[in-house]
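So the sequences go chain by chain: A and B. Counting from 1, position 381 in the first sequence corresponds to residue 381 in our numbering; the numbering is continuous, with no gaps. Each number in our numbering comes from the position in the second sequence (counting from 1) with 382 added on.
Note that these hints are calculated values from the structure, not bench results. Note that CB positions come from ideal geometry on N, CA and C, so glycine has one too. Check each hint, because a few of them may be wrong.
Facing chain B, according to a computed beta carbon distance under 10 Å, are these residues of chain A, among others [what the hints assert, rightly or not]:
(1) ASN15
(2) VAL28
(3) SER29
(4) ILE162
(5) SER244
(6) ILE259
(7) VAL263
(8) PHE265
Residue strings, one per chain:
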Amino acid sequence: MWRFIPFAFKNSMRNRRRTLLTILSISVSLFLLAMLMTVYIAFYHREAAPEQALRLATRHRVSLTFPLPEYYLARISQLPGVKHAYSASWYGGVYIDRKPLHNFPRFAVDPDGVFLVRPELQAPPDQLAAFQRERTAAAVGRTIADQLGFRLGQKITLQGDIYPGNLELTIRAIFEGENDGVMFFHRVYLQEGQPRGRQGWIGMVWSLAESPEAVPRLAAAIDEMFRNSPQQTKTESERGFYLSFLGMLGDVKLILVSISTAVTFAILLVAANTMAMSVRERIREVGVLKTLGFTTGTVLTMIVAEAAIIGLIGGLLGSLMAMGMSAAIGKMPLMFGADLRMRPAALLITLGVGCLIGVASSLAPALGASRMRITDALRHAG
Amino acid sequence: MAIPLSYNLRNLIERKTTTVMTALGIGLSVAVMLGILGMLAGLNSMFQATGHPLHLLLLRKGSNAEVTSIITPENLQVVRGKEGILAAQGEPMISHELVTVVNLAIKGRTGTTNVNVRGMPQVGVRMRSESVKLSSGRWFAAGQRELTVGRAAAQTYAQLGSGAQVQIGRAHYTVVGVFDGGQTAFNSEIWGDGNQLGADAGRAGSLSSILIRAADAAAAAGLIRSIAADQRLIVEAMPEIEYYLRQMQSGLLLQYLGIFVAIVMAVGSSFAAMNTMYAAVARRGREIGVLRVLGFSRPSILASFMIESTLLSLVGGALACLATLPFNGFTNRLANQVTFSQVLFEFQVTPAMLAVGMGFAALMGLLGGLLPARLAAGKDPLTALREL
Numbered sequence: 001m002w003r004f005i006p007f008a009f010k011n012s013m014r015n016r017r018r019t020l021l022t023i024l025s026i027s028v029s030l031f032l033l034a035m036l037m038t039v040y041i042a043f044y045h046r047e048a049a050p051e052q053a054l055r056l057a058t059r060h061r062v063s064l065t066f067p068l069p070e071y072y073l074a075r076i077s078q079l080p081g082v083k084h085a086y087s088a089s090w091y092g093g094v095y096i097d098r099k100p101l102h103n104f105p106r107f108a109v110d111p112d113g114v115f116l117v118r119p120e121l122q123a124p125p126d127q128l129a130a131f132q133r134e135r136t137a138a139a140v141g142r143t144i145a146d147q148l149g150f151r152l153g154q155k156i157t158l159q160g161d162i163y164p165g166n167l168e169l170t171i172r173a174i175f176e177g178e179n180d181g182v183m184f185f186h187r188v189y190l191q192e193g194q195p196r197g198r199q200g201w202i203g204m205v206w207s208l209a210e211s212p213e214a215v216p217r218l219a220a221a222i223d224e225m226f227r228n229s230p231q232q233t234k235t236e237s238e239r240g241f242y243l244s245f246l247g248m249l250g251d252v253k254l255i256l257v258s259i260s261t262a263v264t265f266a267i268l269l270v271a272a273n274t275m276a277m278s279v280r281e282r283i284r285e286v287g288v289l290k291t292l293g294f295t296t297g298t299v300l301t302m303i304v305a306e307a308a309i310i311g312l313i314g315g316l317l318g319s320l321m322a323m324g325m326s327a328a329i330g331k332m333p334l335m336f337g338a339d340l341r342m343r344p345a346a347l348l349i350t351l352g353v354g355c356l357i358g359v360a361s362s363l364a365p366a367l368g369a370s371r372m373r374i375t376d377a378l379r380h381a382g
Numbered sequence: 383m384a385i386p387l388s389y390n391l392r393n394l395i396e397r398k399t400t401t402v403m404t405a406l407g408i409g410l411s412v413a414v415m416l417g418i419l420g421m422l423a424g425l426n427s428m429f430q431a432t433g434h435p436l437h438l439l440l441l442r443k444g445s446n447a448e449v450t451s452i453i454t455p456e457n458l459q460v461v462r463g464k465e466g467i468l469a470a471q472g473e474p475m476i477s478h479e480l481v482t483v484v485n486l487a488i489k490g491r492t493g494t495t496n497v498n499v500r501g502m503p504q505v506g507v508r509m510r511s512e513s514v515k516l517s518s519g520r521w522f523a524a525g526q527r528e529l530t531v532g533r534a535a536a537q538t539y540a541q542l543g544s545g546a547q548v549q550i551g552r553a554h555y556t557v558v559g560v561f562d563g564g565q566t567a568f569n570s571e572i573w574g575d576g577n578q579l580g581a582d583a584g585r586a587g588s589l590s591s592i593l594i595r596a597a598d599a600a601a602a603a604g605l606i607r608s609i610a611a612d613q614r615l616i617v618e619a620m621p622e623i624e625y626y627l628r629q630m631q632s633g634l635l636l637q638y639l640g641i642f643v644a645i646v647m648a649v650g651s652s653f654a655a656m657n658t659m660y661a662a663v664a665r666r667g668r669e670i671g672v673l674r675v676l677g678f679s680r681p682s683i684l685a686s687f688m689i690e691s692t693l694l695s696l697v698g699g700a701l702a703c704l705a706t707l708p709f710n711g712f713t714n715r716l717a718n719q720v721t722f723s724q725v726l727f728e729f730q731v732t733p734a735m736l737a738v739g740m741g742f743a744a745l746m747g748l749l750g751g752l753l754p755a756r757l758a759a760g761k762d763p764l765t766a767l768r769e770l
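Pulled out of the complex, with its shape left as it was, chain A reads as follows (with noise of 0.2 Å):
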């Protein structure tokens, strides 16, 4: 089959135009798929890191709004099974303006714990030690710090918005990892300047398991712990906290997903298209082969062979438009830190997507001239 690949390469060849316009227009769309397919990855497949699935997320069980008492975090920690915990409260607030390049994810915790539970955000040990150190001392991630231009040493000012008050904070420690687009700093150092009543509270607990097949009995232990307390908590997994987070942006899936749908179609609609077009000006070619010999299921996967080639480089085109794309946007600040960099899943897919399209778009006419009788091939009128 493969010495036919030439005479199909020549034969896509042949009408350059509209060789060049449908894989043009295939790559174009496959493009489109394949920036919502890294959307959608970078959202809901995002790559777990080992820690992870020892990871859990105790909130409030009405809402992540509500806050939880401090004791909790003590308590969380003495459960045997837990090896490390650390509280972390959303700040929010407002650093220079409200622009989204400022507006990065910031978070009130404990400074040893933190790096106990994510240790895969990795510092230099003498940052790590100042940072824990230092009251008022802040940490951020290597994307923050890129973006903005932080230094170590340097003063920034968050101005409160759910917390009253301004935080004078000095950046101690620059950390790297999987998902580092956060800045974190000591949870007694916001809770000081909090007025007497609203001391005492925590936004959530983060806790590592000893072993992925402790997270479950944790999970059911913490919740039946505080079942009887005023604040009752509800512990998932940080997979499954992070999906229940991402249900709340609303419809986005389902948004993603019938573009998607669509763009497909359309490609496979213009590309069925002109396969029609080429076959049928063919007929009479294809009975000559015929003649010589060829069997229909030869000339089948030569019609074939050449609509997948034509698929297969508008996917190619495509993906690297997709990745210089990705490339591009992938430094811009996103929601949430996702990570917007191409994967190889949505390589291979939007490869796939694309020889597919070839193959049927050019079944249908492929396999009416291939039956045809020789006679009626050769009479044909283009």
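Keeping the supplied structure of chain A fixed, place chain B upon it in accordance with the hints.
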């Protein structure tokens, strides 16, 4: 002299399969764009419909959403003393409100989402009586653990049937009625008594926002100035209408996505239209020769092919418009990125939007038809007549 339109129509009908396939391809592009436009139109008209022209909304300085704003009772007392606030039936039109969120399950889906809960005094309901009407049951009573829920919220969330129990903070609330907020954003909310909710949500004494109605437009402007100038207050007043218009930025991501998808698909579809039209020109070489010999000029050949290409894509555009019509009024969910809770809004098909869709289709046709039409117009009549 122009070539009659029926020539183009007949050509399109003659090559049925190609016409339908190309038109469908273009139609899909238009449909995707219309889908996004429809959601934006719904979102837009909802935020525009919310708010009374004489209402001022007071939030903590620096806060841009009710959920992140915290106002102390002392501030409320100062605001109560301001001049220019309308009084009805001897009561000043001031509603101090607490806005928080609860997680509720969506009907037919797994997972939960944030829903706005608004606690207010009875006057808060009266202040909104122009746009918000009770549609079944009754309003929540003062000092009771009762909720009256918005129409869209009642339809979307599983736990909000009449008589249902909802947990808020440490207490259970009973749903006693459903209100119809017309086109407003209140439709996605749950309302209850402010003091009771504050106590149960662990936020007794602190408020999220204060809504006041000014006596007239001049009084409203005066109130904004006097609140900004008052040293005792750490709140900011803005027209309620403006507050909701600002929330349109929730649709920003959707808008960017829409523009991006529309441009990319337009380029792709133009290539497709180009392909079809090149094929048409190639097949009709002899016809073009005949037309030229009959005396039709180059410009009229150019115009004729451009018209044919535009007709082709208009068929696609029309199909797309027809396909979106049945979705008019569908409820969509989207995260309000300002208040961090869900807004429920209707998918809206507006005439302007359909016009934009048709225009978009025509543009694709024109772009795709230009080069092939030039090729056709440039043909030498005698050579063309000799073509196969």
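Query raised in the report: Any of the earlier hints contradicted here, and which numbers?
Result: No numbers; nothing is violated.
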